[in-house]
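Colleague: Let chain F serve as the given structure and place chain C on it in line with the hints.
Protein chains: 2
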Amino acid sequence: MTDPEKENVEIAEFGLGHLHVEGLQLVTYVNNDRYCAKDLVLFPKQTCPEHLHPPVNGEPGKKETFRCRWGTVYLYVEGEHTSEIQGKIPKGKEEYYTVKHEIILNPGEQYTIPTNTKHWFQAGEKGAIVSEFSSTSRDEADVFTDPNIIR
Amino acid sequence: MTDPEKENVEIAEFGLGHLHVEGLQLVTYVNNDRYCAKDLVLFPKQTCPEHLHPPVNGEPGKKETFRCRWGTVYLYVEGEHTSEIQGKIPKGKEEYYTVKHEIILNPGEQYTIPTNTKHWFQAGEKGAIVSEFSSTSRDEADVFTDPNIIR
Chain F
1 MTDPEKENVE IAEFGLGHLH VEGLQLVTYV NNDRYCAKDL VLFPKQTCPE
51 HLHPPVNGEP GKKETFRCRW GTVYLYVEGE HTSEIQGKIP KGKEEYYTVK
101 HEIILNPGEQ YTIPTNTKHW FQAGEKGAIV SEFSSTSRDE ADVFTDPNII
151 R
Chain C
1 MTDPEKENVE IAEFGLGHLH VEGLQLVTYV NNDRYCAKDL VLFPKQTCPE
51 HLHPPVNGEP GKKETFRCRW GTVYLYVEGE HTSEIQGKIP KGKEEYYTVK
101 HEIILNPGEQ YTIPTNTKHW FQAGEKGAIV SEFSSTSRDE ADVFTDPNII
151 R
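For the protein sequence lines, the chains are F and C, in the order given.
If you count by UniProt numbering, then the first sequence holds residues 1 to 151, one letter each, in order.
If you count by UniProt numbering, then the second sequence holds residues 1 to 151, one letter each, in order.
Watch out, some of these pointers could steer you wrong.
The list treats identical chains as one, so a pair stands whether inside a single copy or across any two.
Heads up, simulated SDA-like pairs for lysine to any residue below, C-alpha to C-alpha not over 20 angstroms straight-line [stated by the list, open to error]:
1) Lys-6 / Tyr-111
2) Lys-6 / Gly-108
3) Lys-118 / Met-1
4) Lys-93 / Asp-146
Rather than coming from a laboratory, the hints here were simulated on the basis of the structure.
The following block holds chain F by itself, in its conformation from the complex (with noise of 0.2 angstroms):
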């Protein structure tokens, strides 16, 4: 990382007061009108709450590849429940995840996550590292399933 890209690690916490639990780390690479790539960096089962992502202005949603570098990492989209699935949902928030099909990720594995779909992941045991490619990235207009979260 350059010195500019260090300044601009971004933790976010979304206003709930346990990172740990659910939280996200980032480094943004670009994000331009065109496009945008990040790496997201998750502490061990640490995991990054249901949202979606609508259109703005006129223009679809963002949609986003997520493509795992390290551990592994249990993503979960609309479709069918998968019947056990592998993450934990943090506790006293089950009403705000809602969508269990199960994905997992497991370096050089990679999943896209169409517009306006809801999506959350945890990472696995050891924690994880994920490379996202996306559209241009509006994180002040993404909805979130909890309403407690403030972006």
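Modeller: Same frame as chain F, but now just chain C:
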């Protein structure tokens, strides 16, 4: 890399028949209607010939960010000519390498090339690995300065 990706490694020799001089090796991770992500692997001193990405079907042409991961990349774009460039233009090809504004990228450094802008690049003595984040890739639309090139 997963097996489908291994089958998807691309060797671009541009119809010139001297891959180690002018050529490129690519792995495409994703290329959809919104964005694209690839890794480019270059042999020592291997050169990607000068080209630009024009508008396609009323959409602005490809915009791309090169992020050096390993080795050194000498990148040339439109703008004031650098007085003594580090890159070596392939012999006899001088007329097809017209832009000489030099940007040197070492690991962790990156540069974004605007749409519709001529550029070419060459790896340093050790070769290079470069991540390319971009808008949708439509290689068949690329315009090369060298009329002998077939993409």
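Colleague: What are the numbers of the hints that this structure violates, sorted from low to high?
Modeller: 3
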